[in-house]
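With the hints as your guide, set chain B onto chain A.
Number of protein chains: 2
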Amino acid sequence: MSYLKERILEEGVIYPGNVLKIDSFLNHQIDPGVMKEIEKEFYDHFSDRRITKIMTVEASGIAPAIMVAAHFDVPMLFAKKKKPSTLKAEEAYTAEVYSYTKQTTSTVMVPKDYLNKEDAVLIIDDFLANGEASMGLVQIVRDAGAKVAGIGICVEKSFQPGRERLEKEGLDVYSIVRIESIDSKNQEIKFKEGH
Amino acid sequence: MSYLKERILEEGVIYPGNVLKIDSFLNHQIDPGVMKEIEKEFYDHFSDRRITKIMTVEASGIAPAIMVAAHFDVPMLFAKKKKPSTLKAEEAYTAEVYSYTKQTTSTVMVPKDYLNKEDAVLIIDDFLANGEASMGLVQIVRDAGAKVAGIGICVEKSFQPGRERLEKEGLDVYSIVRIESIDSKNQEIKFKEGH
Chain A
1 MSYLKERILE
11 EGVIYPGNVL
21 KIDSFLNHQI
31 DPGVMKEIEK
41 EFYDHFSDRR
51 ITKIMTVEAS
61 GIAPAIMVAA
71 HFDVPMLFAK
81 KKKPSTLKAE
91 EAYTAEVYSY
101 TKQTTSTVMV
111 PKDYLNKEDA
121 VLIIDDFLAN
131 GEASMGLVQI
141 VRDAGAKVAG
151 IGICVEKSFQ
161 PGRERLEKEG
171 LDVYSIVRIE
181 SIDSKNQEIK
191 FKEGH
Chain B
1 MSYLKERILE
11 EGVIYPGNVL
21 KIDSFLNHQI
31 DPGVMKEIEK
41 EFYDHFSDRR
51 ITKIMTVEAS
61 GIAPAIMVAA
71 HFDVPMLFAK
81 KKKPSTLKAE
91 EAYTAEVYSY
101 TKQTTSTVMV
111 PKDYLNKEDA
121 VLIIDDFLAN
131 GEASMGLVQI
141 VRDAGAKVAG
151 IGICVEKSFQ
161 PGRERLEKEG
171 LDVYSIVRIE
181 SIDSKNQEIK
191 FKEGH
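Respectively, the protein sequence lines represent chains A and B.
For the first sequence, position 77 matches number 77 in UniProt numbering, and the numbering has no gaps at all.
For the second sequence, position 119 matches number 119 in UniProt numbering, and the numbering has no gaps at all.
Please note that the accuracy of each hint is not assured.
With a cut-off of at most 27 Å between alpha-carbon atoms, the simulated BS3-like pairs for lysine-lysine come out as follows [to be verified]:
id : chain 1 : residue 1 : chain 2 : residue 2
1  : A       : K82       : B       : K102
2  : B       : K88       : A       : K185
3  : A       : K81       : B       : K21
4  : B       : K36       : A       : K36
5  : B       : K40       : B       : K21
6  : A       : K21       : B       : K88
7  : A       : K83       : B       : K117
Rough simulated footprint, nothing fancy, chain B against chain A, three-plus residues with beta-carbon under 8 Å [as the list claims (entries may be wrong)]:
id : stretch
8  : 50-62
9  : 104-117
Keep in mind the hints are simulated off the structure, nothing from the lab.
Keep in mind that this is a model prediction, so the values were computed, not measured.
Every residue, glycine too, gets a C-beta built ideally from N, C-alpha and C.
Here chain A stands alone, though its shape is the one from the complex (with noise of 0.2 Å):
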């Protein structure tokens, strides 16, 4: 069993509506050995494709995808939920992103000097679900005239309709744990096979 896999199995809680709370490891507390083993694994994927740029959303996209950058050597960009004050609009791309779990959409926007069209993306999430951010990246990067190489996904949630959104995109998906079901009474976590 691979290590994600046996550190959610350990230290996940699951709460009702699907909520499956892995924060002392991945997305409040971060454990670096699990980043150093996530980023090779993408690394192991996605080497041939001649990246020249790793995009996340903030806050949590944001620990995995600089790690990846590292691995990669080469630059990490995030979108940001809020307008800098010095970003006029017109120099953004930006796209809009439904919460569910909130159920509010949000601007998510990257400043246009940071991609062009000789850009091949890959974009890094900690957690896929229903696919809302990964899709507003993907129409950033291509209203930038760039092109998605690869969405790496460390958590999938494969009963939600996130992979297949972005699969129907002609988009490659690789994530590294894959859950076919979660069960908030009986605190079991199935996974599915493959990535």
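For chain B alone, kept in the frame of chain A given last:
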């Protein structure tokens, strides 16, 4: 001249109100080469302190903090600005942080589970100006009965009172770059000697 000073002079843009934008390599797009230099410099300075944890505030502190954590091989913990739905109020350490640019106060929090009395915490942040975020983290570490082993800052605005406030608390502040003054009219930056 150090790598970080060079990049600031080459790519930094100054806006009125002492705003220095170095988004192209430090806190929107992030250059992993700069991160590797930063993590090494902090390690060289703080490696004798028996650091058990690296701590920062979301979002722009996360990238340097996880890189430093990987170098020290200890967990990284970041304070969140919004309470996760899975975290009860009594399960978190909190601190109020005032933002001078936004003129608003926000509450930052970390789960109590992730700090304990034995921890020696190195606080990492991208910028130090008025010191509000760092002071909030110091309070949280002390509330947990843990020790602040030091504060590592990428870019310090030495003409603002953050460093003085932290040193009054008896804390060791190490800044990779110290800025003595910035002049938006002439786009001129003066560095201050030392760390």
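To see whether the hints hold, each was checked on the structure:
In summary, the hint linking A/K82 to B/K102 is supported, as the alpha carbons are separated by about 12 Å, within the 27 Å threshold. Under the criterion of a C-alpha separation no larger than 27 Å, the hint pairing B/K88 with A/K185 is consistent with the structure, at around 20 Å. Straight-line distance between C-alpha atoms of A/K81 and B/K21 comes to about 18 Å, which keeps the hinted pair within the 27 Å bound. Annotation: proposed proximity of B/K36 to A/K36 holds, straight-line Cα distance about 15 Å (limit 27 Å).
Distance check on the hinted pair: B/K40 and B/K21 sit about 24 Å apart at the alpha-carbon level, within 27 Å; holds. Using a Cα cut-off of 27 Å, the hinted pair A/K21 and B/K88 holds, with the two alpha carbons roughly 13 Å apart. The straight-line distance between the Cα atoms of A/K83 and B/K117 is roughly 38 Å, outside the 27 Å bound, and the hint therefore fails. Note: the stretch 50-62 of chain A has 3 residues with beta-carbon separation from chain B under 8 Å; the three-residue rule is met and the coverage holds.
Only residues whose C-beta sits within less than 8 Å of a C-beta in chain B count toward coverage, and the stretch 104-117 of chain A has 4 of them, enough to reach three; the restraint holds.
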